[in-house]
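Residue numbers (the working numbering), protein chains in the order written: chain F, 14 to 305; chain D, 142 to 334.
Take the hints with a grain of salt, since some may be wrong.
Under 10 Å between C-beta atoms, here's a sample of chain D residues computed to sit facing chain F [as the list claims (entries may be wrong)]:
id, residue
1, Q150
2, G151
3, D152
4, E155
5, A191
6, S193
7, K198
8, T232
9, R245
10, S254
11, E256
12, G257
13, E316
14, T318
Derived SDA-like pairs (lysine to any residue); straight-line CA-CA distance at most 20 Å [what the hints assert, rightly or not]:
id, chain 1, residue 1, chain 2, residue 2
15, F, K79, F, G110
16, F, K42, D, V233
17, D, K197, F, S281
18, F, K17, D, R245
19, F, K21, D, G249
20, D, K198, F, L284
21, D, K197, F, T276
22, F, K133, D, E253
By construction, these hints were calculated from the structure, which means they are not laboratory data.
From the three backbone atoms N, C-alpha and C, an ideal C-beta is built for every residue, glycine too.
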Amino acid sequence: MVEKGTFKVKSGLAEMLKGGVIMDVVNAKQARIAEDAGAVAVMALEKVPADIRQEGGVARMADPQKIKEIMDEVSIPVMAKARIGHFVEAEILESLGVDYVDESEVLTPADEENHIDKWKLDVPVVCGARSLDEAARRIGEGAAMIRTKGEAGTGNVVEAVRHMRRINSQIRELVNTPDEELMSFAKELRAPRDILRVIAEEGQLPVVNFAAGGIATPADAALMMKLGADGVFVGSGIFKSQEPEPRGRAIVDAVTYYDDPETLAEISEDLGEPMVGINMEDMTDEDYIQTR
Amino acid sequence: MKVGILALQGDFREHEAVFAAMGVETEYVRRPEELEKVDGLVIPGGESTAISKLLKKWGLFSPLQRRARDGFPVFGTCAGMILMAVEVSNTVPTLELMDISVDRNAYGRQIESFEGELSINGTDSPLSDEAVTGVFIRAPQVSEVRDGVEVLATHEGLPVLLRQDNLLAATFHPELTDNRGIHRYFIDQLVGS
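Work out the full structure: start from the sequences and follow the hints.
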């Protein structure tokens, strides 16, 4: 007997991506560069977050034609983004044979109340989170992988650091919460109690947790690994830099050798200019993507 | 005895957890000199393209190939198996250790990933006393098994667990299930001998 679409095989693919880098690409040529640089997967999208930020307007799922071109080009898994709550975009991506769907705040949300019911899909879904309660709600909805939201398209790692640290400190608090207080803890956090119980027992999320949103250098990637990320997503950081190929390879190396500063120094040499980046003080409330 | 786990990319922590539960000492291998200190090596699941590039770039490829050809025990799962095969359906440079041909992602994309029960070959197999479920994720298929390679288990008629002397390879992920039989087999039959 054969069972497909089980939570085990959905979360299992994320396990295989650990210690790796998932790169945003907008066409087959970039996908080829990403695979050659050692990416474990590519994220197919219409525009990288830095351009979405700059150009404004409604950001939607990428053109299926473009996604198919990227799938034909590379042998590694291909992910693609659907709008928050837009389960039809997710179903379309599933029908294309995309390996992972990212229910992403980088696109304009389609539903302000509800996320996609991810249990109904056979394709696994990754969701962003800024806190433990957000992660637990997404896992409760069937997310098979979590990533920090960070602040996409800024080239500034500060928000990803904030989110990873917050998740870690909330897990520590949860682990020290007595069983009889778990219900009120769950109520206070607005998070599903069953998921919190699992996290309390394991001392970690029950799914893989990657870092995303603002990673632009090998040192950024290594920092996120040191803070406990299982791997990293790099969006604008590679193809908005001066020399994408060496930078892509360097970030791949940094995720493997994150614990070794001498090697990181060697890896970080002579990569050309990183993406310019945005300081958070220069942003208004409306500029923030993570609050979606 | 200490088992090395290649920790360049992939689910190396899951392999470590299985060995820890068995009381087997392990060490991560990311450097050529770390390879010298272990009595066997696990190549985990992951992306074979990424692991292959890291092996070459960081100087592990040739030393590992040399040692494995000299009888050093190696156990690969999924991507690990691909990297051990002498022939692969696309351009991933492999260590060319086990005399098999492998098709990458032969079942199809992620949507075709599955869990399924394995058939263990031979009633005297050390694996036969437990029902084993295999977790197959974008799994490869073995298209050709040449002389000297023993098929230990199959799924729907296809070889999924194979041994050739000091080499053990699975197309699936025993590290993702509670069953420790295959890791036990690696320790008892390949590393211990």
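Comparing the hints with the structure gives:
{"no.": "1", "hint": "Q150", "verdict": "holds, 4 Å"}
{"no.": "2", "hint": "G151", "verdict": "holds, 6 Å"}
{"no.": "3", "hint": "D152", "verdict": "holds, 4 Å"}
{"no.": "4", "hint": "E155", "verdict": "holds, 6 Å"}
{"no.": "5", "hint": "A191", "verdict": "holds, 5 Å"}
{"no.": "6", "hint": "S193", "verdict": "holds, 9 Å"}
{"no.": "7", "hint": "K198", "verdict": "holds, 7 Å"}
{"no.": "8", "hint": "T232", "verdict": "holds, 9 Å"}
{"no.": "9", "hint": "R245", "verdict": "holds, 6 Å"}
{"no.": "10", "hint": "S254", "verdict": "holds, 4 Å"}
{"no.": "11", "hint": "E256", "verdict": "holds, 5 Å"}
{"no.": "12", "hint": "G257", "verdict": "holds, 4 Å"}
{"no.": "13", "hint": "E316", "verdict": "holds, 9 Å"}
{"no.": "14", "hint": "T318", "verdict": "holds, 8 Å"}
{"no.": "15", "hint": "K79/F - G110/F", "verdict": "holds, 13 Å"}
{"no.": "16", "hint": "K42/F - V233/D", "verdict": "holds, 19 Å"}
{"no.": "17", "hint": "K197/D - S281/F", "verdict": "holds, 19 Å"}
{"no.": "18", "hint": "K17/F - R245/D", "verdict": "holds, 19 Å"}
{"no.": "19", "hint": "K21/F - G249/D", "verdict": "holds, 17 Å"}
{"no.": "20", "hint": "K198/D - L284/F", "verdict": "holds, 17 Å"}
{"no.": "21", "hint": "K197/D - T276/F", "verdict": "holds, 16 Å"}
{"no.": "22", "hint": "K133/F - E253/D", "verdict": "holds, 16 Å"}
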